[in-house]
Amino acid sequence: MRKDHDWGFHIYIRGIILFGFMLLLFAFIASGKLSYYIAPKMRMFTYFGVGVFALLGTVQFFRSTSKSQEEELNCDCGTDHRPKGSPISQFLIYLLFVLPVLAGFMIPEKALDSSVAQKRGVKFGSGLYSKPDNGEKSAENSQAEEKEIDADEYLKDPEGYIKKMEERAANEPQEEPQEISSYYRKTSKFLQRQKTITVTSENFLDIMGVFDMQPDPFTGKQIKMTGFVYREPGFPKSQGVAARFAMNCCSADAAVYGTLMKGEALTSIKNDTWVTVSGTLDKTTYKKQNVLIITISKLKKIDEPKEPYVYPSVGSLTAN
Amino acid sequence: MQVNKNIGVFRKELIGFGLLFMFLTAFFFMEQIKTGPVMKDLPGTIVHVNTIFLSILIEAIPFILLGVFVSALIQTFVSEESLQKYLPKNPVLAVLPAALFGLLAPICECAIVPVVRRLIKKGMPLHIGFVFLAAAPIVNPVVILSTYYAFRNDLTILYSRMGLGILVAIVTGLFIWILFRNSDQLKWSKEEMVSRREDSTVKPKMNRLKQTLYHASDEFFDTGKYIIIGAFLASLFQTLLDREFLLSIGNDEIRSTGIMMGLAFLLSVCSEADAFIAASFNGTFSKTSLIAFLVFGPMLDVKNAIMLFAYFKSKFVMVFITLITVLVFGSVLILSHFV
Chain A
1 MRKDHDWGFH IYIRGIILFG FMLLLFAFIA SGKLSYYIAP KMRMFTYFGV
51 GVFALLGTVQ FFRSTSKSQE EELNCDCGTD HRPKGSPISQ FLIYLLFVLP
101 VLAGFMIPEK ALDSSVAQKR GVKFGSGLYS KPDNGEKSAE NSQAEEKEID
151 ADEYLKDPEG YIKKMEERAA NEPQEEPQEI SSYYRKTSKF LQRQKTITVT
201 SENFLDIMGV FDMQPDPFTG KQIKMTGFVY REPGFPKSQG VAARFAMNCC
251 SADAAVYGTL MKGEALTSIK NDTWVTVSGT LDKTTYKKQN VLIITISKLK
301 KIDEPKEPYV YPSVGSLTAN
Chain B
1 MQVNKNIGVF RKELIGFGLL FMFLTAFFFM EQIKTGPVMK DLPGTIVHVN
51 TIFLSILIEA IPFILLGVFV SALIQTFVSE ESLQKYLPKN PVLAVLPAAL
101 FGLLAPICEC AIVPVVRRLI KKGMPLHIGF VFLAAAPIVN PVVILSTYYA
151 FRNDLTILYS RMGLGILVAI VTGLFIWILF RNSDQLKWSK EEMVSRREDS
201 TVKPKMNRLK QTLYHASDEF FDTGKYIIIG AFLASLFQTL LDREFLLSIG
251 NDEIRSTGIM MGLAFLLSVC SEADAFIAAS FNGTFSKTSL IAFLVFGPML
301 DVKNAIMLFA YFKSKFVMVF ITLITVLVFG SVLILSHFV
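Sequences listed follow chains A and B, in order.
In terms of UniProt numbering, the first sequence opens at residue 1 and continues consecutively.
In terms of UniProt numbering, the second sequence opens at residue 1 and continues consecutively.
The set of hints was computed from the structure by calculation and includes no laboratory data.
Check the hints yourself; a few may be wrong.
[What the hints assert, rightly or not] No farther apart than 25 Å at their CA atoms in a straight line, the calculated lysine to aspartate or glutamate pairs in the DMTMM-like style are these:
no.: 1; chain 1: B; residue 1: K225; chain 2: A; residue 2: D6
no.: 2; chain 1: A; residue 1: K283; chain 2: A; residue 2: D216
no.: 3; chain 1: B; residue 1: K40; chain 2: A; residue 2: D282
no.: 4; chain 1: A; residue 1: K119; chain 2: B; residue 2: D252
[What the hints assert, rightly or not] Restraint ranges, calculated between C-beta atoms of paired labels, are given here:
no.: 5; chain 1: B; residue 1: N153; chain 2: A; residue 2: P233; range: 25 to 33 Å
no.: 6; chain 1: A; residue 1: K186; chain 2: B; residue 2: F338; range: 44 to 52 Å
no.: 7; chain 1: B; residue 1: P97; chain 2: A; residue 2: F48; range: 26 to 34 Å
no.: 8; chain 1: B; residue 1: K85; chain 2: A; residue 2: S201; range: 48 to 56 Å
no.: 9; chain 1: A; residue 1: F235; chain 2: B; residue 2: A310; range: 18 to 26 Å
no.: 10; chain 1: B; residue 1: A105; chain 2: A; residue 2: S31; range: 52 to 60 Å
Glycine included, every Cβ here is placed at the ideal spot set by N, Cα and C.
Build the full structure now, drawing on both the sequences and the hints.
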């Protein structure tokens, strides 16, 4: 039990760090920057975090100035919580806690953009995931070769061969969209009655979902939507995706959703520029899937929205 | 001597005030710093790594605090005797309730390691603790719900995730029972060994609430450092890892399963949100490799592994990691013949 004085000092420093975490979370909540990090449904947990940090920080402060017995300092759990190691390693451990707080205060937030989108891949509609060209091609070729019925193999082992084919068929991506849940069917019906489909932050994911599941009823319809411009490698300048990141819990799980668009107006627009486009929906095939593409009639540059992310709607989560 | 001591005290006060002053300045001038000349021109990659790092941290911290509190409450209010009383006596039969206990105690994988360590210290058998550790982050109401939302079109994924989660946890537990029985695999420091022996002696009891709070903040600093390192590594992978590269190498069942398990380990997404990540791979990777992702990730990831190595003996942790990896991989490949 040597150097108890030091332990008191550690308790004091820890109290200040806990206070720092509380300040950071509070600043994020107060400034609205929290929406860059986590989804609205997770916010209540952050409020809880602020409360707990405030409580623990305050308790630490009184604990460090406590004039009473030495055992007051310890939590009596049989574990030695006192930091071990040299002063330098102790310093580094505290630095580990201080750095995130300072990084949070100092490094600016930026919504995830096309550099991340390219790494994560974009979902057109909501089901089709963009695949790498070269990888897909080689996979296709080999699949095409395999698909041809191998008579020799069949004769040798008919049962085994059929089983193999069935397995392969089961593993292949389904061409037909799976059956649509009643929520999306309702949304689809509603959208089909609209003359112009206006995509907002709230209905973004629902509409992308419907477009993915049944693109056909929407060809020829007018649409207006907002997103940042993203181009897959190899896209011409006049083609792009109106994309947005969707967040479920935090930005680590954010995925990119969007609709293809084309038009001369797009040629001068750089990637990551936020735009509102109006146009007509057409059908096209992209990477062997039927998808919708907007033929742009009007394109307007806009500032990045205050809430750049979209979230799953309550309806799509609760209804079935 | 007295003078020296006073200088020491003065220096410490100065460090404390300096730190506090730094935090407060940063707090009040946050906008100015963030839009200032140096910070505004940071490269995009650094900004993205930082955003994802902090978002994992901000998301995980409330659950860590929750876990720390549960652990502190167990420490303060659950005695060794009562734990012994409620645990089933048969070590083999006890694995089933341990695998299902997560339904009542929804703890995600960020919080589970300190809780299990605490329970084992309190006398829970080693293998039961690890069945709970492996199963609770999967078999729990929040995870069931989020998996259901993410894969509503294909409920076999939900059923397979839960089924395999329970199965792998139980089999792992039985292997641990066979290999280690109830040997002590915790890392104890010298001081702990001393105080453990003293545990039977009567200690001055202090206010239980105060004790819980003290314990909670001490444990936050014990656990927090591993979460911070883990979150940072995961944010690097998240920003720099190219999914196209993964897709180009993962085109058969065995390799894509391996890749999705590796990804689950590296990305370290909370088990409550990982179903949505898995859904974003739907159609690119096979269904069974998604199941591997969903079963493996909650049981083992970067931040968990770092914590396990810190709290348990390395050899034991290696065996545990091997067991989980082999069992998930094997069971998923068997499953691929049925779904």
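Now the hints, each set against the structure:
1. For the hint pairing K225/B with D6/A, the CA-to-CA distance comes to about 20 Å; that is within 25 Å, so the pair holds.
2. For a cut-off of 25 Å, the pair hint linking K283/A to D216/A stands: about 8 Å separates their Cα positions.
3. Under the criterion of a C-alpha separation no larger than 25 Å, the hint pairing K40/B with D282/A is inconsistent with the structure, at around 41 Å.
4. The straight-line distance between the Cα atoms of K119/A and D252/B is roughly 21 Å, inside the 25 Å bound, and the hint therefore holds.
5. Judged by the Cβ atoms, the range 25 to 33 Å given for N153/B and P233/A holds: they are separated by roughly 30 Å.
6. Taking the beta carbon of each, K186/A and F338/B are about 34 Å apart, not inside 44 to 52 Å as hinted.
7. The hinted range of 26 to 34 Å is satisfied by P97/B and F48/A, whose Cβ atoms lie roughly 29 Å apart.
8. The given range of 48 to 56 Å is respected by K85/B and S201/A, whose C-beta atoms sit roughly 54 Å from each other.
9. Under the hint 18 to 26 Å, the C-beta atoms of F235/A and A310/B, about 47 Å apart, miss the expected range.
10. In this structure, A105/B and S31/A break the distance hint of 52 to 60 Å, their C-beta atoms being roughly 35 Å apart.
The earlier numbered hints that this structure contradicts are 3, 6, 9 and 10.
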